[in-house]
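Those sequence lines, one after another, are chains A and B.
Throughout the first sequence, residue numbering follows UniProt numbering, covering 1 to 278 in sequence.
Throughout the second sequence, residue numbering follows UniProt numbering, covering 1 to 268 in sequence.
With a straight-line Cα cutoff of 20 Å, these simulated DMTMM-like cross-link-like pairs (lysine to aspartate or glutamate) come out:
no. : chain 1 : residue 1 : chain 2 : residue 2
1   : A       : Lys137    : B       : Glu176
2   : A       : Lys73     : A       : Glu188
3   : A       : Lys145    : A       : Asp133
4   : A       : Lys90     : B       : Glu165
5   : A       : Lys73     : A       : Asp222
6   : A       : Lys90     : A       : Asp51
It is worth saying that the hints were derived from the structure and are not from the lab.
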Amino acid sequence: MQTALRTSLSETELASRSNFAPHARVVREERPVHTSGLPLSIRGLRKSFGDNEVLRGIDLHIPAGQFVAIVGKSGCGKSTLLRLIAGLEKIDAGSISFGQDIQPEDIRVMFQEPRLLPWARVLANVEVGLGRDRASKDAHARAEKALTEVGLADKRDQWPSLLSGGQKQRVALARALVSRPRVLAFDEPLGALDALTRISMQRLLERVWRDQGFTAILVTHDVSEAVALADRVLVIEDGRIAHDVVVNAGRPRQRGSAELAGLEGSILSHLLSADDRT
Amino acid sequence: MSLIDSISLPRSIRLPRVDGLIQWILPLAVIAIWQIACVTGFVPTRVLPAPSDVALAGWKLLLSGELVRNIWVSFWRASVGFLIGGSIGFAFGLANGLSQLSAKLTDTTLQMVRNVPHLALIPLVILWFGIDESAKLFLVALGVFFPIYLNTLHGIRTVDPQLIEMGRIYGMTDGELFRRVIFPGALPSIFVGIRFALGIMWLTLIVAETIAASSGLGYMAMQAREFMLIDVVVLSILIYALLGKLADSASRLLERATLAWHPAFQKR
Chain A
1 MQTALRTSLS ETELASRSNF APHARVVREE RPVHTSGLPL SIRGLRKSFG DNEVLRGIDL
61 HIPAGQFVAI VGKSGCGKST LLRLIAGLEK IDAGSISFGQ DIQPEDIRVM FQEPRLLPWA
121 RVLANVEVGL GRDRASKDAH ARAEKALTEV GLADKRDQWP SLLSGGQKQR VALARALVSR
181 PRVLAFDEPL GALDALTRIS MQRLLERVWR DQGFTAILVT HDVSEAVALA DRVLVIEDGR
241 IAHDVVVNAG RPRQRGSAEL AGLEGSILSH LLSADDRT
Chain B
1 MSLIDSISLP RSIRLPRVDG LIQWILPLAV IAIWQIACVT GFVPTRVLPA PSDVALAGWK
61 LLLSGELVRN IWVSFWRASV GFLIGGSIGF AFGLANGLSQ LSAKLTDTTL QMVRNVPHLA
121 LIPLVILWFG IDESAKLFLV ALGVFFPIYL NTLHGIRTVD PQLIEMGRIY GMTDGELFRR
181 VIFPGALPSI FVGIRFALGI MWLTLIVAET IAASSGLGYM AMQAREFMLI DVVVLSILIY
241 ALLGKLADSA SRLLERATLA WHPAFQKR
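Bound conformation, chain A alone (with noise of 0.2 Å):
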């Protein structure tokens, strides 16, 4: 399964990278030939609110299909990358290119919160996720089967408010899967969950991820699970990708293995050593 193949990258793109991140190790892994995803490329991305510049210069290539989480202290702009990346707020400069033109339909964002609308239920909740196809003729029939890819099927007639914290996000992860998106954003989707239920809600996630291929993008404050779920992990600092780390384990993730555990030590490290230089 380790089949990360270190690739050679083009001229500018490592000329962008050293710019600002030395320490980086660039890598890209070779995703399976089916995935329906789409890359990503991110230039010289920038974004300010007022006069505090949030993110100063990112440079990116995500591969179709690729898990990449970004973790890094609050504030980093971490979430603000991800809003960019979802079309949630406009770029000050820059670009992102998903080396196509897409429909709205192809980027889905799953938030903290469920977002569950609380005068619909469950069903017609997934349906929100259709997009333009909410109105064809088909539209229960492919909202029945996201919700059975969660596990909620015997759920679908049920109001909102009577679910559980994980199951509410699972509604809201069945939402975002309906219309077969090829980008997945995640904003710290478990945040507010149990560990228990993080867990089980973690392996859903590789699972579909596993299953549809789509690219994903998880932000996260949560290193044990960067590193549990994504193959690549980036620890945003002030603004800049300060690392960029490839994760090899095989997949499905062993939870508490001594390699992810390795990893997550040293990306901490990172993160704290950053903390004691300021």
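Go by the hints and put chain B onto chain A.
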């Protein structure tokens, strides 16, 4: 689980029936004590007639057709005034909740008008409309306008912005966003407005009918006072109480039907 189910099952069947009765225990007890106080002469009938006398007066008026006619007139005034004032209030609430421009344009003015007690306008309204139907409708509509306006506005402004962002991400058009996110989100607050408005509706109508009218419950009460028919006066007051309760129950029923998703309506 099965043990708990078997215990709670009969209780869940019995409870609603008991609940329906519990709320009537107090009014019935009050009437009973009232009747006893009158019959024993503790309360002179010049001060307060016995409930049986009030019922008798009601029966006579019912037979003469006067009661039904007056109730109908008052009911008509209340509902038409409510519909007119409520729709205008709802429309302004929507406009000012959805459009910054509209809010800037009209909100300050509306807030100024709101602080004038609408019953203070009665002399002016009589000068404008006489003691015509339009005078009563105008006052009821004006009274009903503000609670509905304020609560619609508040409801729309407090819809969770995260849900609106979600709707936009999933490609909802403005119309869909309103229909599927903003309006359902504002509905609980709109219902609060409706229930406030129903109270104000009756209050306004009673005052207007007592001061200037030639039909209706308020008029009936004032006429009875002229002839010292204290049982009819008390009857009118009781009918107001019943109608008020009826209006409140109707709005609750509507609330239950449209807010079935709300956690507050999911018990039982």
